[in-house]
Amino acid sequence: MDRTSGNASGAVALTGVNAMPAPTWSWLKMNDTAVEIPAGLTPAPAAVSVEPAPGSADVVSANADAFDDALVAAGKRFASRARASAPGDARDHVALAAGEVDPMDVPALSRYQQGAVRVEEELSVEEAFETGMGAEAYGYLRSIGERPCVLEVPSGASAQVRVRVSGTPGTASVASVDVIARRDSSLELTVALNGTGSEPGLIGAAMRVFAAAGSRVSITTVQTADDAFISLDDAGIFVDEGAHVEVSHTVLGAGRSYTGLAADLRGDAARIDVDTSYLGAREQVRDFNYQIRHLGRRTTSSMDANGVLAGASKKVLRGTIDLMHGCTGSEGAERETVLLADERVDNKTVPVILCDEDDVAGNHGATIGHVRPEQLFYLGCRGLSPEAAEALFISAKLEDAALNAPDDEVRANVIRLGETVIPGFGEEIA
Amino acid sequence: MAKKRSEVADIDRSLYDFTYGEEGFERLDAGLTPDIVREISERKEEPAWMLDFRLKSLEIYLKKSGPTWGPDISGLDMDNIVTYVKPNTDQRSDWESVPDDIKDTFERLGIPEAERSYLAGVGAQYDSELVYHNMQDTAAKMGIVYSGIEEALHEPKWEALIRERFMTLIPPTDHKFAALHGAVWSGGSFVYVPAGTKLDFPLQSYFRLNAKGAGQFEHTLIIVEDDADLHFIEGCSAPKYNVANLHAGAVELFVGRRAHLRYSTIENWSKNMYNLNTKRARVEEAGEIEWISGSFGSHVGYLYPMSILAGRRAKSSFTGITFAGAGQNLDTGCKVVLAAPETTATVETKGISKGGGIQTFRSSIVATPEATGSAATVSCSSLMLDADSRSDTIPAMDIRAKNVDIGHEATIGRIGDDKIFYLMSRGISEEEARTMIVNGFASPVSKELPLEYAVEMNNLIKLEMEGAVG
Amino acid sequence: MTVQATPLLSLAGVTASVDEKAILHGIDLEVAAGETHVLMGPNGAGKSTMGHVIMGDPVYTLDAGAITFDGEDISELSCDKRSRAGLFLSFQAPVEISGVPLSSFLRASIAGRPGLEMKGREFRRRVKELAAELDMDVSYLNRELGVGFSGGEKKKVEMLQLLLLQPKLAILDETDSGLDVDALSVVSRGMDAYRRTTDGSLLIITHNTRILEHLHVDRVHVMVGGRIVREGDAELIPWIDEHGFESFEREAAGVPMEA
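Chains as they are written, first to last, in my numbering: chain E, 1 to 430; chain V, 1001 to 1470; chain W, 2001 to 2259.
FYI, nobody ran anything at the bench for these hints, they're computed from the structure. Hints may be right or wrong, so weigh each one.
Below, in silico cross-link-like pairs of lysine-lysine (DSBU-like), each with a Cα-Cα straight-line distance of 30 Å or less [what the hints assert, rightly or not]:
# : chain 1 : residue 1 : chain 2 : residue 2
1 : E       : K29       : V       : K1056
2 : V       : K1176     : E       : K29
3 : W       : K2168     : W       : K2154
4 : V       : K1212     : E       : K29
5 : V       : K1064     : E       : K29
Derived CB-CB ranges, DEER-like [said to hold, decoys possible]:
#  : chain 1 : residue 1 : chain 2 : residue 2 : range
6  : W       : K2119     : E       : T42       : 52 to 62 Å
7  : V       : P1194     : E       : E36       : 28 to 38 Å
8  : E       : D408      : W       : D2192     : 35 to 45 Å
9  : E       : E387      : V       : R1426     : 53 to 63 Å
10 : W       : E2076     : V       : D1226     : 34 to 44 Å
11 : V       : F1018     : E       : V94       : 28 to 38 Å
Covered, in the sense of this in silico footprint (three residues per stretch, anywhere, with C-beta under 8 Å from a C-beta of chain V), are these stretches of chain E [to be verified]:
#  : segment
12 : 21-33
13 : 50-60
14 : 102-111
15 : 176-190
The beta-carbon is built from N, C-alpha and C at its ideal position, and this holds for glycine as well.
Could you put together the complete structure from these sequences and hints?
Spelled out as structure tokens, the structure:
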């Protein structure tokens, strides 16, 4: 990872970013992405602020090892969960080498499947932990930020924290945040990624989240940067027994926006819900990678994405529900609805379910295309032509984000973006 | 009801699992060199362009690397695969003159009987060469050509047509095993259905790979001209050996304007087979391709029939079932390219995995900017019969058109205990109940098959399900 | 009978089908400005279809006849143009549109309408006023259209649009027999307010006469099997209340009326 260490002044090319765990045909160019980061960006730690709400100030911790310690401690509890044997596992390979079994009786695993067996049988919790954008991008982001801000919510306590990244041209501003939500605690975390200016800049977040047993963590991220910016939003989340994590990603701005999230539902009855809302216009690029690994029993996940693509924008959404061996009684669901409002858009969607357990339910669905006929008729009955209906979906994306903005500053950022698309936007919804 | 973990007993596959010796057969050396390719070409007395094509393909093969995303194929050592095995007979058009052991093989597989009762023509390939080819006079009188592709290459009229189309849908550059196919292909069928001709009965080709450690590389080229209609059935099987066999066939289908082609396959290779087969269809304006695909055998399977909808209002439907048992990793699915306005595609697949077997549904739906007004729906469901098995679903969509409707639905789960309980409460044994439910799950595919093949498929499911209950 | 030289809405010999199955057969119907008409009939008679055909639902094909509104033949117009000409159809089951806040939708529906278009602040004041009139929680304005709304809430949203758009003629499709008391009162309140604030016409499609209790009805049309089989004044309503539609159905089937 030499290319990506510390020095942000040279041009950087990150590879293997947002790689889906089980890849498919390489000619589709969906498996992962490369991110070119322009030369000459200066790290700007001052552009990042962490603001606990009144009464939440004590959650900012000086213990830089808190996250790793929590993961190691959890790993001790989960060590005994390892699977006895799997078809094509290490034991099978020993037997194969000794000539004890017919090679044709051992399934020939794909690389992903070999990796899954390793996660199930060999890797510790901390070895298996990953973020959605992958090691290279995560390493780069962490190298930009100052030392990570550690937020530790004590058992049973509740807290609200805002993280703001306010990018400026010529700088790279990244929030490195470790979250440890102790047993039965609750945390509301808002992450505002913003950047203004017409010269290149980079904004980002590199987050690790440990949601201990019974905790409740909600993360709301709104990205509202101008087109000259690259946004890199990376997270890895560990979810312990009975913990519930809710994530909301709103991607409205930045010329190139990359979002990665990996969740490890290790504890029984762990749950994660991810809601994604995105808008693509002009030449914008949106690239998402969500991977949710179910390891605990009766775990639940949902991913729900709703997007509008206009202009010559490009989008890739990779969503993987990974139902691993032993996650009996678990359920994963994934849905994406995309409206394509221009013939120049390129929309790539790959909703994956990987399943190594029979007592589970996985389902996914995708609807890609234009406004549904019955919606078009309804809107028509209210005077909207098909073109006006399409425009409504675009403006509604911005209005929805403004109406539901977590605070006034984020609302102002949304309105700033809205003004560039719809003149008078601010007056309309203020 | 208590959850049972299934113990999987060995399946009795004696129906397909019989072998004969290779006395009098000619076997080229194992491995792959330009000399082997030249020798194959020489024996076939091919036109020079075909030898050139083979040698170029070999070069591509040697340069290309294998797939990195699918089942491991490192167990397939090409140095040990015999690419050409010629049985001790020339091609015949009556079963009586086919040598006894080969005839007996196809008798046991029921091919001559099927021919007598409902097929318009049959081709039978044994290892690398066709040993039997025959078509009813009525079909011949309609102007339909159904012959060995090598035979057709020796007729100037067809040679020109074959040269124009051969490996244009599946170019050797497409992937490593397409290149291999281009270098060492042998046998296979050529079908030409003239414009406006509709054949009421299906044609069938059956591919049997008997030789141990060998590869089969047949090429099927079918041209259905404008307004014509054809149903083609392909069957495959092999006995089991403890060394790898390879099947890398290629199927190229050209469907004309308003023409219709149904291509049905039941692949029932033995469980030492690496099945790396490639099938593609190009469909012109208002034409239609229907794929019916059942994948049962093979140690490793890579199979994704592809439809290229090149003409306005062209249609594709794909109905597939994959059943992966112990030791199997079957990666199957389909590809569709919507490349013209108002095209439609439907995909419905069923996957079943059992006894530690792995089945993956993999697909791609690509809509080009020309595909305005097009629609595609994909629906796939997977059934897990026990906790040791695996079932993955990897569907990709790349949509670059406006005014399209693309829908995708997938589910994975197991047989509900309530269903088993209900059937058992009516006096049905658990094994019977499970088989019944799995057959019901597979019925969208089996109902698309001619009756005889639907019965075969249900028998295969039954074979796979035997011993499924501990 | 009220006969005017130029009725506001006029259907002449309207025959319509869906998927080549004929549903409406030669419908003639006229509604004058300011009048309230009721279209009644048993389930499956084609009443809702008629509302959709008048509005120009592309699902249906107009096989014969013409629809004239406000002096203009609208038979070929798309539904958004019919809306802008002053027609309104309330849906018995409004669609859900996720990702679109109700307020964004309402703003888009009045955009470019002379006399109705309003700027931000004025728009919000007006919508809040109407919400209050209908006893609707203003927080709904920020929610996605129809998503997670109860039946009564969906009705309120329909009535709010009726009052906001002030059409010349509103077709209220209230064929849903499952309408509860709350929803009924919402519809009644909406109709009252509409009649009070505009001189618009109403065409109410229903088989539930309770909704008509406090309403002055000018004309009643009875539809059976895609045909208008009877027309009369408001007196027809209590008669139908008592006798139902059986006699009309028998008559339509060619059986002589016993009553």
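Hints and how they fare:
With a C-alpha separation of about 27 Å, the suggested pairing of E:K29 with V:K1056 holds against the 30 Å cut-off. As the CA atoms of V:K1176 and E:K29 are separated by approximately 18 Å, the hinted pair is consistent with the 30 Å bound. Under the criterion of a C-alpha separation no larger than 30 Å, the hint pairing W:K2168 with W:K2154 is consistent with the structure, at around 22 Å. Of the pairs offered as hints, the one joining V:K1212 and E:K29 is violated, with about 39 Å between alpha carbons and a cut-off of 30 Å exceeded.
For the given pair, V:K1064 sits about 18 Å from E:K29 by alpha-carbon distance, which is consistent with the 30 Å threshold. Taken as a hint, the range 52 to 62 Å is violated for the pair W:K2119 and E:T42, whose Cβ atoms sit roughly 43 Å apart. Distance hint check: the CB atoms of V:P1194 and E:E36 are about 55 Å apart, inconsistent with the given range 28 to 38 Å. For E:D408 paired with W:D2192, a C-beta distance near 40 Å keeps the hint of 35 to 45 Å intact.
A beta carbon spacing of about 59 Å between E:E387 and V:R1426 agrees with the range 53 to 63 Å that was offered as a hint. Against the hinted window of 34 to 44 Å, the Cβ-Cβ separation of W:E2076 and V:D1226 comes to about 37 Å, which satisfies the hint. Between V:F1018 and E:V94 the beta carbon distance is about 34 Å. The supplied range of 28 to 38 Å therefore holds. Counting residues of the segment 21-33 of chain E whose C-beta sits closer than 8 Å to any C-beta of chain V gives 8, which meets the bar of three, so the coverage hint holds.
By the rule of at least three residues with a Cβ nearer than 8 Å to a Cβ of chain V, the coverage given for the segment 50-60 of chain E is violated, with 0 such residues. Counting residues of the segment 102-111 of chain E whose CB lies closer than 8 Å to any CB of chain V gives 10, which reaches the minimum of 3, so the coverage claim holds. Against chain V, the segment 176-190 of chain E contributes 0 residues with a C-beta closer than 8 Å to a partner C-beta. That does not satisfy the three-residue criterion, and the hint is violated.
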